[in-house]
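Got chain B; can you put chain G on it based on the hints?
Protein chains: 2
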Amino acid sequence: MNASPALFVKMGVDAWHAQNSRVEKLLNELPESRLEAETAPGRNTGKYLLGHLVAVSDRMLETLGWGPRLHPELDEPFLLNPDRSGIAMPSVAELKQHWKEVNDKLNAHIARAQPEEWFSRHLSVSEDDFAKEPHRNKLNLLINRAVHTGMHLGQMNYLTEKK
Amino acid sequence: MNASPALFVKMGVDAWHAQNSRVEKLLNELPESRLEAETAPGRNTGKYLLGHLVAVSDRMLETLGWGPRLHPELDEPFLLNPDRSGIAMPSVAELKQHWKEVNDKLNAHIARAQPEEWFSRHLSVSEDDFAKEPHRNKLNLLINRAVHTGMHLGQMNYLTEKK
Chain B
1 MNASPALFVK MGVDAWHAQN SRVEKLLNEL PESRLEAETA PGRNTGKYLL GHLVAVSDRM
61 LETLGWGPRL HPELDEPFLL NPDRSGIAMP SVAELKQHWK EVNDKLNAHI ARAQPEEWFS
121 RHLSVSEDDF AKEPHRNKLN LLINRAVHTG MHLGQMNYLT EKK
Chain G
1 MNASPALFVK MGVDAWHAQN SRVEKLLNEL PESRLEAETA PGRNTGKYLL GHLVAVSDRM
61 LETLGWGPRL HPELDEPFLL NPDRSGIAMP SVAELKQHWK EVNDKLNAHI ARAQPEEWFS
121 RHLSVSEDDF AKEPHRNKLN LLINRAVHTG MHLGQMNYLT EKK
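Chains B and G are the protein sequences, given in the same order. Numbering follows the numbering used here, with no gaps: position 51 of the first sequence is 51. Numbering follows the numbering used here, with no gaps: position 33 of the second sequence is 33.
So that you can see chain B by itself, here it is in the shape it has in the complex (with noise of 0.2 Å):
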């Protein structure tokens, strides 16, 4: 059996890059004023689910131990209140840019963080609590958000063409 820890952390760092790389393709695919787009009506837009996903991705920065962040502006608007609140938002463009900086970075610790490393807790839990379930480790959080990612790039989807 292999069941080395480098190979479960080549799933999970795999999984994380397939979402991203789904998510880069169809922001390169899409026109920007598409993204402006509901994704459904009376849904979130695009704009705002990407918003969304830079800020996730943006904090784990900090919660993977890797920070500081570089967008916590993005709370506001993108985490802490929904679409159409009213408070002003960066525009598609910005977004796009901030998501490749925040990414670039977050990968950038991705390739370089040993096995170790991985299985350590992640900062959004206690040392109490991560010694009661150790499974709540960086590599853990790095899967759901994987999973959280997909969910959005779902909804993303719809604003593509029709076949």
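In short, the hints are calculated from the structure, not lab data. Be careful, since some hints might not be right.
Copies of the same chain look alike in the list, so a pair counts if it works inside one copy or between any two.
[Claimed, not checked] Taking lysine-lysine and the DSS-like style, the derived pairs with C-alpha atoms no more than 30 Å apart in a straight line are: (1) Lys162 - Lys96; (2) Lys105 - Lys10; (3) Lys100 - Lys10; (4) Lys162 - Lys132; (5) Lys105 - Lys162; (6) Lys10 - Lys162; (7) Lys10 - Lys132; (8) Lys25 - Lys132; (9) Lys96 - Lys132; (10) Lys10 - Lys96.
Structure of chain G alone, referenced to chain B:
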């Protein structure tokens, strides 16, 4: 560092169960008639996505070596053809029964599987390929399917009342 195979298994299995529980909760909350609706204009109906998720889970029984699958008849309407193909579909009530039946069987195997089984190859990868790419194991398939379920869950969530 706690990086035991059993811990990895828990991380992957938890991700799978988390997504399935969220689908389950949605199915319990939504009126059956609501699942007949499109998740967004011109996009897949809730019914199609439910059938699609059941068919994918059902196939997993064979891919994970726990076959035979229970509902191969779901491939035609929900995997090989798009929504509104005109191919006969079971009713929503039947699909909900299939969902329960397929996931109960899958989850019973998941609960019994030992770490060495999770790190063995799944049956859609050949022995040769697995020798070269040992991360393509059963646990990896489960993680990828959790992401897949999450992606469609994000779309099915559009069937809920707007806040």
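Comparing the hints with the structure gives:
1. Lys162 - Lys96: Classified as both: same-chain Cα gap 24 Å, cross-chain 28 Å, threshold 30 Å.
2. Lys105 - Lys10: both (19 Å within a copy, 29 Å between copies)
3. Lys100 - Lys10: within (22 Å within a copy, 32 Å between copies)
4. Lys162 - Lys132: neither (48 Å within a copy, 38 Å between copies)
5. Lys105 - Lys162: This pair counts as neither: shortest intra-copy Cα distance 34 Å, inter-copy 36 Å.
6. Lys10 - Lys162: Neither, since 34 Å and 39 Å both go past 30 Å.
7. Lys10 - Lys132: So Lys10 and Lys132 pass the 30 Å test inside a copy (25 Å) and across (14 Å) alike.
8. Lys25 - Lys132: between (40 Å within a copy, 28 Å between copies)
9. Lys96 - Lys132: Classified as neither: same-chain Cα gap 39 Å, cross-chain 36 Å, threshold 30 Å.
10. Lys10 - Lys96: Intra 27 Å, inter 35 Å, cutoff 30 Å: intra-copy only.
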